[in-house]
Amino acid sequence: MKYFDIVWSSNKDGPGKRVVLFLQGCPLNCVWCHSPHSQPMEAPVLYFREYCVNCGRCRTVCQQCCFVNNQGKNIFNRSACVRRGECVLNCSHGALAYNLRESTPEEIFEKIKMELKLLKNIGGLTLTGGEPMLQYSDARELLRLCKEMGVHTAVETSGAVNPEYFKELIYYVDCWLFGLKQTDVDKCFTMTGADLNLIRRNLNYIASNGQDKIIIRTPMIEGFTDDIDNIQRISEIMLSLGLKEIELLPYNPNTAHYYLAMGKDFDEQKFKLPSQNRLQEIMKIFEEKGINKKIIE
Amino acid sequence: MGQTLEVNMTAPLRGSTARVQKLLNELLNKSFSDRSGEWFKDSMFPPVGNEELSVIERRAISFRIMLEAMVSKENSKTTNTYQIKDNELVVGNIPMGSVGFGKVYPQYLTAEERRLISMANRDMQSTFGHNIPDHKKVLEKGINGIIQYCEDKINDTENSSTKNVFRKNKKLEFYNSVIICCQALVRYAEAFADIADENADNETDTKRQSELREIARICRKVPANPAETFYEAIQSVYFVHLALHSTLDYISLGRLDQTLDPYLQKDMSDGKITEGEAQELYECLLIKCAERMNSNPAYFLKQDHSSFGGVFGDSPVFLDQIASANNFLQNIALGGFTKDGKDASNLSTALILRASANLGLPTPIINIRLNKNSSSEIINETVKSLRKGRNGMPVVLNDDIIIDGLSKNGIPIEDCRDYGVDGCWEPILNAKCDWVFGSINFLTILECSLNSGCTFSTDPSLLRGTKTSYVTKNAEEIKNVDELLENARAHIQFFVDKTALQAYSFYSVEGSVNPTPFLSSLLGGCLEKGMDKTWGGSQYHISGLLASALPNCANALANIKKYVFDQKKYTLPEVVDALKNNFSGYEEMKNTFWLDNNKFGNNVNDVDSIMKQLLNFLHEAGLEAKKLGDKTFIIKADEDFEKIKNNRTICHYEGVSMHEKYGQDFNMIFNMGCGTFGQYTFNGKSVGASADGRGRGEPIAANFSPVTGTMKNGIGNAIASLKDLELERFPAGAAIDFCIDDTDGEYDETYYENIVKEFIEDNGSIMTITFANSDELNKVFEICEEVRNNTVSSEALRPYAHMAVRVGGFNAPFITIPREQQLTYLSRVTK
Chain P
1 MKYFDIVWSS NKDGPGKRVV LFLQGCPLNC VWCHSPHSQP MEAPVLYFRE
51 YCVNCGRCRT VCQQCCFVNN QGKNIFNRSA CVRRGECVLN CSHGALAYNL
101 RESTPEEIFE KIKMELKLLK NIGGLTLTGG EPMLQYSDAR ELLRLCKEMG
151 VHTAVETSGA VNPEYFKELI YYVDCWLFGL KQTDVDKCFT MTGADLNLIR
201 RNLNYIASNG QDKIIIRTPM IEGFTDDIDN IQRISEIMLS LGLKEIELLP
251 YNPNTAHYYL AMGKDFDEQK FKLPSQNRLQ EIMKIFEEKG INKKIIE
Chain H
1 MGQTLEVNMT APLRGSTARV QKLLNELLNK SFSDRSGEWF KDSMFPPVGN
51 EELSVIERRA ISFRIMLEAM VSKENSKTTN TYQIKDNELV VGNIPMGSVG
101 FGKVYPQYLT AEERRLISMA NRDMQSTFGH NIPDHKKVLE KGINGIIQYC
151 EDKINDTENS STKNVFRKNK KLEFYNSVII CCQALVRYAE AFADIADENA
201 DNETDTKRQS ELREIARICR KVPANPAETF YEAIQSVYFV HLALHSTLDY
251 ISLGRLDQTL DPYLQKDMSD GKITEGEAQE LYECLLIKCA ERMNSNPAYF
301 LKQDHSSFGG VFGDSPVFLD QIASANNFLQ NIALGGFTKD GKDASNLSTA
351 LILRASANLG LPTPIINIRL NKNSSSEIIN ETVKSLRKGR NGMPVVLNDD
401 IIIDGLSKNG IPIEDCRDYG VDGCWEPILN AKCDWVFGSI NFLTILECSL
451 NSGCTFSTDP SLLRGTKTSY VTKNAEEIKN VDELLENARA HIQFFVDKTA
501 LQAYSFYSVE GSVNPTPFLS SLLGGCLEKG MDKTWGGSQY HISGLLASAL
551 PNCANALANI KKYVFDQKKY TLPEVVDALK NNFSGYEEMK NTFWLDNNKF
601 GNNVNDVDSI MKQLLNFLHE AGLEAKKLGD KTFIIKADED FEKIKNNRTI
651 CHYEGVSMHE KYGQDFNMIF NMGCGTFGQY TFNGKSVGAS ADGRGRGEPI
701 AANFSPVTGT MKNGIGNAIA SLKDLELERF PAGAAIDFCI DDTDGEYDET
751 YYENIVKEFI EDNGSIMTIT FANSDELNKV FEICEEVRNN TVSSEALRPY
801 AHMAVRVGGF NAPFITIPRE QQLTYLSRVT K
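Keeping their order, the protein sequence lines are chains P and H.
Take the first sequence: its letter number 85 is residue 85 in our numbering, and every next letter is one higher.
Take the second sequence: its letter number 457 is residue 457 in our numbering, and every next letter is one higher.
These are computed hints drawn from the structure, not numbers from a lab.
You may find that some hints are simply not true.
Below, simulated EDC-like cross-link-like pairs (lysine to aspartate or glutamate); rule was C-alpha separation at most 16 Å, straight line [what the hints assert, rightly or not]:
no.	chain 1	residue 1	chain 2	residue 2
1	P	113	H	758
2	P	12	H	741
3	H	712	P	86
4	H	569	P	86
5	P	120	H	749
6	P	12	H	748
7	P	120	H	267
8	P	12	H	742
9	H	712	P	174
10	P	117	H	748
11	P	117	H	758
12	P	120	H	742
13	P	117	H	753
Partial selection, computed: residues in chain H whose CB lies under 10 Å from chain P [what the hints assert, rightly or not]:
no.	residue
14	375
15	379
16	587
17	713
18	714
19	748
20	754
21	755
22	758
The calculated label-pair distances, taken between Cβ atoms and stated as ranges, are [as the list claims (entries may be wrong)]:
no.	chain 1	residue 1	chain 2	residue 2	range
23	H	695	P	205	52 to 60 Å
24	P	65	H	782	41 to 49 Å
25	H	793	P	65	49 to 57 Å
26	P	168	H	796	29 to 37 Å
27	H	566	P	79	29 to 37 Å
28	H	782	P	72	25 to 33 Å
29	H	697	P	164	54 to 62 Å
30	H	793	P	269	38 to 46 Å
31	H	782	P	193	39 to 47 Å
32	H	480	P	69	36 to 44 Å
33	H	796	P	269	33 to 41 Å
34	H	782	P	69	34 to 42 Å
35	H	695	P	72	21 to 29 Å
36	H	482	P	295	52 to 60 Å
Being a predicted model, the structure only gives us computed values, none of them experimental.
Think of the CB as a built atom: it goes at the ideal place given N, C-alpha and C, for glycine as much as any other residue.
Model the full structure from these sequences, guided by the hints.
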């Protein structure tokens, strides 16, 4: 399994206190994505130029000659990067990072089971990412081991993957954190690159296997997901499927960080938190429909 | 200085009653103020004189002079030692002093002795404290009972027809000294009865007046006579505690719930006291013990009264004075087993846990003894207290491991079950045991192992470095990891021998400089034998050896094994060169070593098996050292006397065996442990860079905790790392300290209960859990920086004076610990 982080004790990623495994790779490219480095299956070397002192050690060790000294500034030209990681090991200033790790499901289970033991009955394991469903086969094995141990399992997904994957996993997942971001077909495609019909088909399928196992999650981004039409549609989809829980995730204003570290541009001005008034309005809509709503800060 | 505590969000009013809240606020304000004027001055004591008398008698006279000086109205104008504060229920005041600041005390050593001690690295302040006096004895017999016992013994001794005049005289000196101390304490208590009556005469509030009359009655009764009520018992215990802490002996309160609960139960069934009143009295007692606190670092320097002898162990650089500013070595052990193996937890266990959490004070240190069968109620009380106090208390001790370890070292099981806690967290036998300890640094051992017995030095006049231990194979000659481990084994033996032998020879000096008759009268064995504890009088003698930097050493060896011998990425001489040069020019190596996940505390087999190997070596070295020590010092030499005598001379010990000198019962129990106490920054300064990726002079791991910043796999794995280490071999304790960020504000009590249970289940030894809000700590650190840079006044720290953190061996207000320790603490917080 390819993963880039483990959080050992989180209160924000599913019911109770949980171990959270962040899997690498995502078929979507949401314009507001706050972990763009999780999207490609081959994670990028991250370069935090604010920590770079241009000592030049990366230039000495990189066999692909990716680093260039340009007028006293160190430039990372990543097109030839093969992720050997020598530059990361040679950087003493914390300016370079490569977080991708690869293990078998059994190895990961060994690694997390002592913490899961502490969380038994008060939480469990959450797979997120990236899109964890892309690694459904390994994910199934990991979740199976957890279920054998009696640990509660959750998977956070965008739903935009091959329906077969859901069939593979359905019996090993106690809770789905299911993303409904933008429910207008065209907007959904433009903003996230995903096919809304596929997402809805998958949601229908898992709902038919247990409505109370689903928590809908919607990021709150002004001008992208907070329009009342979208909220109305989400609530209608939820009601039609008998779904009772939604979690709203306000936009993370510190998103630019990883884009810059990947050598990408990011327009910070473009994305904002919705206003408090709008959030209240949205909360009210869900309340009126009898949907339990929660804002995850 | 403002007289009222600024009420703010971070310092909620604490204490179970309005009375306690007032006393606590008064204490917090006082502790933030300049207390340098409250110290005693040498001029306040008449000379001890009597140079013709023995040192123990002079020590007893100094004890009397000190207690008398404390109830002088004239002295009290500055020292505040002879007063009863409004609202107080427990009375008596300990003068200023702490482990870090030292003490002011009547000089009882003669001019000649004071020159001779230059040879011994000891002086008056070297009195070791660290013991648990027999409070039960005082409660049951009263101090008068002890005086009577001594008088009878004096009669017997004088009338005995022993030929050994020397021993007879020593006995008489001892009993006379005990009597002098006991009488002084009784008079001290009576002086408080007088002032209570005096205050009552002038008191207009009738309720307070009757409280004061009750205080007067109690002080006339205890500690002279047996206590009959809970209130009398609590006051009696405090008087004894106070007398010892005022006279150089920083001792523990022992198993307070076992000592006091029978009195509470009786009073409750007689309808004399409610649970709430008992709660209040416990809180009053804890506040009294904490009254010497200092929370404003601006006034620390003025209060430095520590002397060259005021250190622990064998080395003068063993003490981090600033971090120890609020260390008083006063511990309370709760729960555990009764002597006959039943669950000892009682109502007082819970009341004291709650009292500590209600107050949130860094001292006294509360310890809870748990085991696999501990009730869910007591585990829940433990977690509630941890959560509410947020200061790392109670410390959790695993009885299954510690009792097993003590008993394997030859102590009868009933006495093992009756252990308490002294000093920082060391398990020690209740009321009948002496304790001494030394420390070894596993990074020094590793330096010697890599560098043929030398530590790394940058001094150009040296070749390999500072010669410290045996010459062993150098880096060029070491061909595989086993050879390196063999080197380590040799150096472990060297340092263990050195420290263990010093513990034996300790007795040959201590008794001539620091006899302590009053404490001895309350340590099982001494009174019966007529021997001070420093003359080997107490029933048990435990010598502790604390191994520090084990996590760093195991991590470093795991890296060397992997990168030098398995992958051959570096050669060993390269690694040694890098370490000598603090990784300068070897940045890639430093990062490789630091970033490798093969680190102790992550439940990773490679490094954990190296840790096990090191512990095996340490354990074996300890057994060998005890054999050698016993043979050299203790056992009577039947043959080869000249050879043994010669060996004793090598160890600076002359004359007959300790069995002949102190009696056939004299023993030395060698308890090893793994820890640093508060000294992990200090100890790190004396060692070079290490192959775990740590730079020269940087802090070492706190206690037996994973190295700061390397605990990557969660608490569950950190605890699991302990499971197969057989920590029962180290009954001086192997302490692991966790600091958990609970910024989220959400928590699940069950999670922390599970952590405690898992720790017991996985054979852990000692654990602390401190809760912290890392944002808040960072903010407070920034304010501390500004205060250090003189950009804001230290007054800015006042709102944070109550925030206590765990510093390895004790608790201290965060704002008072040294900068490096603050930084270490900040990076220790796990989310």
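Hint check:
1. P:113 <-> H:758: holds (13 Å)
2. P:12 <-> H:741: holds (15 Å)
3. H:712 <-> P:86: violated (22 Å)
4. H:569 <-> P:86: holds (13 Å)
5. P:120 <-> H:749: holds (13 Å)
6. P:12 <-> H:748: It holds: about 13 Å lies between the C-alpha atoms, which stays within 16 Å.
7. P:120 <-> H:267: Violated, at about 43 Å.
8. P:12 <-> H:742: Measuring from Cα to Cα gives roughly 13 Å; hence the hint holds.
9. H:712 <-> P:174: violated (27 Å)
10. P:117 <-> H:748: Given that 16 Å is the threshold and the Cα spacing comes to 14 Å, the pair holds.
11. P:117 <-> H:758: holds (9 Å)
12. P:120 <-> H:742: violated (19 Å)
13. P:117 <-> H:753: Given pair residue 117 of chain P, residue 753 of chain H holds - Cα atoms ~12 Å apart, limit 16 Å.
14. 375: The hint is violated - residue 375 of chain H has no Cβ within 10 Å of chain P, the shortest such distance being about 19 Å.
15. 379: Violated. Min distance 14 Å.
16. 587: holds (4 Å)
17. 713: holds (6 Å)
18. 714: holds (3 Å)
19. 748: holds (5 Å)
20. 754: Constraint on residue 754 of chain H satisfied, holds at 4 Å.
21. 755: holds (6 Å)
22. 758: Holds: closest Cβ of chain P sits about 6 Å from residue 758 of chain H, inside 10 Å.
23. H:695 <-> P:205: 52 to 60 Å: holds (55 Å)
24. P:65 <-> H:782: 41 to 49 Å: holds (42 Å)
25. H:793 <-> P:65: 49 to 57 Å: holds (55 Å)
26. P:168 <-> H:796: 29 to 37 Å: Check failed, 59 Å falls outside 29 to 37 Å.
27. H:566 <-> P:79: 29 to 37 Å: holds (35 Å)
28. H:782 <-> P:72: 25 to 33 Å: Roughly 32 Å apart at Cβ, these two residues keep to the hinted range, so it holds.
29. H:697 <-> P:164: 54 to 62 Å: holds (59 Å)
30. H:793 <-> P:269: 38 to 46 Å: holds (42 Å)
31. H:782 <-> P:193: 39 to 47 Å: holds (43 Å)
32. H:480 <-> P:69: 36 to 44 Å: The hinted range 36 to 44 Å holds for residue 480 of chain H and residue 69 of chain P, with Cβ atoms some 42 Å apart.
33. H:796 <-> P:269: 33 to 41 Å: holds (37 Å)
34. H:782 <-> P:69: 34 to 42 Å: Once the Cβ atoms are compared, 35 Å apart, the range 34 to 42 Å for residue 69 of chain P and residue 782 of chain H holds.
35. H:695 <-> P:72: 21 to 29 Å: Between residue 695 of chain H and residue 72 of chain P, where Cβ atoms are some 28 Å apart, the hint holds.
36. H:482 <-> P:295: 52 to 60 Å: Between residue 482 of chain H and residue 295 of chain P, where Cβ atoms are some 59 Å apart, the hint holds.
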